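Going down the list, the protein sequences come from chains A and B. Per this note's numbering: the first sequence = residues 308 to 769. Per this note's numbering: the second sequence = residues 308 to 769.
Hints were generated in silico from the structure; no laboratory data involved. There could be a bad hint or two in this list.
Put simply, identical chains are the same to the list, so a pair is met inside one copy or across any two.
[Unchecked claim] Subject to a maximum C-alpha distance of 20 Å in a straight line, what follows is the list of computed EDC-like cross-link-like pairs (lysine to aspartate or glutamate):
| id | residue 1 | residue 2 |
| --- | --- | --- |
| 1 | 424 | 319 |
| 2 | 711 | 451 |
| 3 | 518 | 502 |
| 4 | 708 | 451 |
| 5 | 337 | 502 |
| 6 | 424 | 333 |
| 7 | 424 | 397 |
| 8 | 705 | 451 |
Fair warning: this is a prediction, and the values are worked out from it, not measured in the lab.
Protein chains: 2
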Amino acid sequence: MARPTPLSGFPEWLPSDRIVEQHILDTVRKTFELHGFAGIETRAVEPLDQLLRKGETSKEVYVLRRLQGEDDAEASVSAADKQGLGLHFDLTVPFARYVLENAGHLAFPFKRYQIQKVWRGERPQDGRFREFVQADIDVVGAGDLPYHFEVEVPLVMAEALAALRGIGVPEVRILVNNRKVAEGFYRGLGIEDVDGVLRIIDKLDKIGGTKVVAALVDEIGATPAQAQACLELAQVSGDDSTVIDRVRELVDAHAITSDLLEQGLVELGALMTAAAVRAPGVVRADLKIARGLDYYTGSVYETVLVGHEDLGSICSGGRYDTLASDGAATYPGVGLSIGISRLVSRLLSARLVRATRSVPSAVVVAVMSEEVRTASDAVAGALRARGIPAEVSPSAAKLGKQIKYADRRGIPFVWFPESTAADGTPVAHQVKDIRSGEQVEADPSVWMPPNSDLWPGVVATS
Amino acid sequence: MARPTPLSGFPEWLPSDRIVEQHILDTVRKTFELHGFAGIETRAVEPLDQLLRKGETSKEVYVLRRLQGEDDAEASVSAADKQGLGLHFDLTVPFARYVLENAGHLAFPFKRYQIQKVWRGERPQDGRFREFVQADIDVVGAGDLPYHFEVEVPLVMAEALAALRGIGVPEVRILVNNRKVAEGFYRGLGIEDVDGVLRIIDKLDKIGGTKVVAALVDEIGATPAQAQACLELAQVSGDDSTVIDRVRELVDAHAITSDLLEQGLVELGALMTAAAVRAPGVVRADLKIARGLDYYTGSVYETVLVGHEDLGSICSGGRYDTLASDGAATYPGVGLSIGISRLVSRLLSARLVRATRSVPSAVVVAVMSEEVRTASDAVAGALRARGIPAEVSPSAAKLGKQIKYADRRGIPFVWFPESTAADGTPVAHQVKDIRSGEQVEADPSVWMPPNSDLWPGVVATS
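Chain A with its partners taken away, still in its complex shape (with noise of 0.2 Å):
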């Protein structure tokens, strides 16, 4: 077999590398899991039907045959082999199949987690992952769900994403905005098309204030003055809740009245309210913000790694009113996902980020000879045991290459076993730092190392 290249738009990491993944996945679960999300897993797949009932992500699907496919025409495949499955795109369409279908077994208001990969045909050459990890957040209601989830669920972002701030993830700034006060401010302006403007305004930051006003004019119609109004809204931007009171000017100035932007102004208030509070400086109101689907209905969310603004998003979300509805019930939602692959690929690539070892163990236990190897496996045993990982050297090689075998993989300690020396004299347990050189005594029932090398660290790159 010749050696094998990596396929575009997978991305797989090496054991140093996954130690960095690992790190932000256990850290970004452990936020969620304190506020009281419940985890689950979805299968990988969806009926096409259901993939596909957005039309523009059909692009993006990979869609699955078993390799013997004639076994197809027997009875015993189900309807849904038949007509067809796909790998899930995201994790909210399985997700709210799974609300769904378990309707019945859950209690709602339900806070999930889950951490899955997820699958897109894009083409390779724009630099896209067509296998990623995406680690989602929705809180869903039964019939209804009250707006303070909207404050909650991009504060525990917030705070999933700080927790990484420790082993050098950037800061992330939170740019919220609500789609109440767009769509009331435009229909306050006269303005009929509401996803017109906001397909427009999301466009701001690649074409400019000018060529946005002359879209909208040429585009949906607007008056110049309609437009100049859109823009204005979408400039306004701010740290605190001053930022309403902007809004509330310009309203006042074109004289709009909207009970729709009313209610949109008093939730984003209260949102950059509590986030001073709970997240001070990482949530910015940014009224430019439109986020592309249209099954967005109240807040909506994006994530900016500082310095890092070309990466785009790394987390966004927002509140639609229906993630499912089976007749009986409907299911409103708020949440937000974080492209985990997309950030530990710029935190590995942009060397903001490094682990201090390749592999768990903190200690290898040296074996003297062949014949006296289970004295090492007792050391290691005893170690394990007290929760330190350790292994065993492959080989009773000269101590030197012992040495060198936990070199190569950053293992910070290497351990003599007991042993008789050739006079007869007993050589009591060692355990050497290799990086100091430093070795003593030491008791396997009782010695611990440092607690910052009892587990591989993830630090940021001096």
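Once you have looked at the hints, place chain B on chain A.
Frame of chain A; chain B shown alone:
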């Protein structure tokens, strides 16, 4: 959308059952890491030609195509994409590819664990899973790999499975054999078709000794005496190294001389001796264990859950001399794979274990009125800061309803934030254990739940 129904062969768990699965995943991962195994993940897809190298699995592969297949005509699509991709059906094929692809960046012997989903297009009526989670460990060497890893690997698995006994997972029995013993014995008898004998011996439990002897005579042309000797070997089993003596008696009785057999017996004896010390009562030598796969060259392993032998092996593997080869080097290895989904499915369906609650939260902080929700947020934040999973009540409903919210999810504690009584008297923070009804004053910066209530537990269903 009508209520969807489950897809046969694609298991999903409710939140409380997912806690059971997650506990098992965390436990095996912890054991693997304590032994120094490095975690990796590989992509879900492999080029079809790699997946189909072993003809026998061709029926089981799920092949992928992008829905907009016409794109594939473009030059931008890589060769691998054109030749087709399939979902991996195990973690060994991807691991072999990963080793070859990254050989220059890995330190050998390389000890890795890998916990991922795999997919097989099995016929659903067989009651088999089409998507399931495996947890694999392998040690792979560059060029050579000492025998002692064939002792270590099953003992790591024994430890991982023993760590699950506390939650109610039944005892396991790891059945071991050594291909060298079988091959040396058969060849010593004058039989050349070793794979043929193994294939027939593999059916011993199903068809019985008489039919095995008949099949050996009919199908591979053994003499009745040879066939009887093969059966006698297959019937040897035992829990300690005396089993080696019993094989030697057979060897002497049939006047067999074989260096290969001799080497196999030394290896099997070493495994039994080490197992008697490190996992007493768990490992059994069973000379009929054949394992279907022809790439095993030394030790082979199967594992049964005592009392659930009908489930088949939940953890299998063996030694292979050629995991992968790139012309320059050959990589021998030894590995074992736990079928996590099969295990979890049985634990749940047989009601052997259960989670103590359905969500992570240990505490629900009640909300006295929506105006003072921030006071409840502050209490929850103080608890989380000390590692206590806590959530805030979704509504300021009557306290009875808020308690019911906790009760439905099995959350043991409800916290009542400090408040002011109607007559202006301050009322201190209180926390109620809703199981006992006991309610006490408490300080959110000091109070801790009992350790057993901090996180959801997984316990034996008594």
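Worksheet entry | Hints violated by the structure (listed by number, smallest first) | Violated hint (a single one): 5; every other hint is consistent with the structure.
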